[in-house]
Amino acid sequence: MAGVLVVCEHLSGGFADITFEMLGLASSLQVGEVSAVAFGSMADRSGELGAASTVISAGCSDDFNPEEYAAAAKSAVETTSPDLVLVASTSMGYDIANPLAATLGIPLIAYCTGIEPEEGAFVCTSSLYGGKMGVTSTVPGPAVVMMLSGAHNADDGRIEGSPGVSDLGAVDTPGRVRFKQLIEPDQGDVDITQSGVLVAIGRGIGGKDDIEVAEELADLLDADMACSRPLVDAGWMPKSRQVGKSGMRVKPSLYIALGISGAPEHIEGMKDSATIIAINSDENAPIFDVADYGMAEDLFDVCEELIEELE
Amino acid sequence: MRFAVLLKWVPDLVEDLEVDDEGTGVDTEDLKFKLNEFDDHALEQALLLAGEGDEVVALTLEGDGAEKMLCTAIAKGASRGIRLTGGSSLDTAGLADSFSQALGADTYDLILTGVQSVDDRDGQLGPVLAARMGLPCVSVVSEVGLEGSTAMVAKEYSGGMVAEFEVDLPAVLGIQAASEAPRYAPVSRVRQVQQTVDLEEFAVSGTGASSGSSITGMAQPESGGGAKMLTGLDELVEVLNGLGVT
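Chains as they are written, first to last, in my numbering: chain W, 1 to 311; chain R, 1 to 246.
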């Protein structure tokens, strides 16, 4: 059987948006039947996966386990023999898609934002080099493609229905990776997901001592401070302020990005902000693609002038 | 206990990237490269975990940057540096093939590498390597603790959620961030290592491992596609006034 198999992702008892983004994309490709593999008790909610004609129920624990979920996905591929397997380009997806393609001996395309079928092959566009290059790859089916979040509209795949459910049965694994517990994020002193205005800083801020100028601006705008990943890793900002793929997903009325280049991992966490203003000295920075307003200037010059003006 | 850390030399994204004449690659002439930042975190995590009598071995493919990466790793505290020669391909499939050969020539308890790199178009090295070597793997790891023959690792999910796993060793970890910021190696110390330490070599045999796909095009996304570009402070203040935040 040809067609597309979507590997569903869930967290905290619900399907993730990326699941519906992939289902919508799978339907639009028109390369055969769309099936979806759902893990553990999530298969009981097959009615939410109406964009698929078949839901494959993988008898796994509800909590993600790299070994178990990769083995179940492989078993689902062997059962359905799809031309294309879509997996989320997420933390969980990394540990499913890579072993899946490697053990099946089929190609994998990562960080994909778009797919076009072309004479038995798939032309995939990937966002590489921190979002600074769009790379087109041609890959023959069967192939595994990892889809970046936010590249497609989740509503296109959010279709109620009654797909047929087929049971994959229990999955046998060596049990070398054991899930222990899920830890909720520490909200820190401020919950930035509730902030109305955010001043977010990135690597362009330069050094730890230079953060002050952004803090001064945030004070004047009655905004909270946020940041991209590298500043947390450097120990300059607390984890509770991190926006992006492995940080918080924020939707403020105004997001001011200072010295943030706009890697896909960061954009995933802030693209739904009502208004985005980006200030970055690199006029080619990908952040300007998602921003409503941009200034290709030195962030310190702009901040200092703006602070003077506001005072 | 023996730790392996896999290092990769990648374009520095601070630089302006341009497409090469063939239109299928990044123009590397005059382009500055650096150690993949996630690999730097993987190295730091290994150095933090290593105790007395433990060994941290840094491995990378021969070529530009190899000596600098390995000597810097030793200057930071790694015990040995191995340069892999004869590897045919720089995509993830090729790297996994080369590294699996070198790692298979010795015994390692924990293999650490960066969770991803800026150019890993055909997949992330950690889990591909693990699948090839038949080892368990956890990616996007930001905390690691060792307890006997197992590792306790924290894997990051979206929204700041973290899952804790216990993993049997030997295992591969894709490191997102070390528990502490990567340490700095003074230039003088790196130079001293370059002058006094002999790097090891391992000859890889070509197996023709390939990604199974080809790059047919490369282009910079249109810049400023969405943003209305402002040219002065007055325009910025006007926008802020319009939004009612000033």
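Take the hints with a grain of salt, since some may be wrong.
Claimed, not checked - The list that follows gives simulated cross-link-like pairs (lysine to aspartate or glutamate, EDC-like), each with its CA atoms no further than 16 Å apart: (1) W/239 <-> W/289; (2) W/239 <-> R/15; (3) W/180 <-> R/15; (4) W/180 <-> R/166; (5) W/239 <-> R/180; (6) W/239 <-> W/224; (7) R/32 <-> R/55; (8) W/271 <-> W/304; (9) R/32 <-> R/52; (10) R/34 <-> R/12; (11) W/180 <-> R/180; (12) W/180 <-> W/63; (13) W/180 <-> R/164; (14) R/34 <-> R/16; (15) W/74 <-> W/184; (16) R/228 <-> W/63; (17) W/180 <-> W/62; (18) R/228 <-> W/184; (19) W/271 <-> W/297; (20) R/68 <-> R/200; (21) R/68 <-> R/37; (22) R/228 <-> W/189; (23) R/228 <-> R/238; (24) R/228 <-> W/292; (25) W/239 <-> W/184; (26) W/180 <-> R/147.
To be verified - Residues on chain W that point at chain R, a partial pick, calculated with CB under 7 Å: (27) 2; (28) 135; (29) 173; (30) 177; (31) 248; (32) 293.
Hints in this document: simulated from the structure, not taken from any laboratory. Note that this is a predicted model, so its numbers are computed, not measured. For each residue, glycine too, the CB sits at the ideal point set by N, CA and C.
What are the numbers of the hints that this structure violates, sorted from low to high?
-> 1, 2, 3, 7, 8, 9, 11, 15, 16, 18, 19, 22, 27, 29
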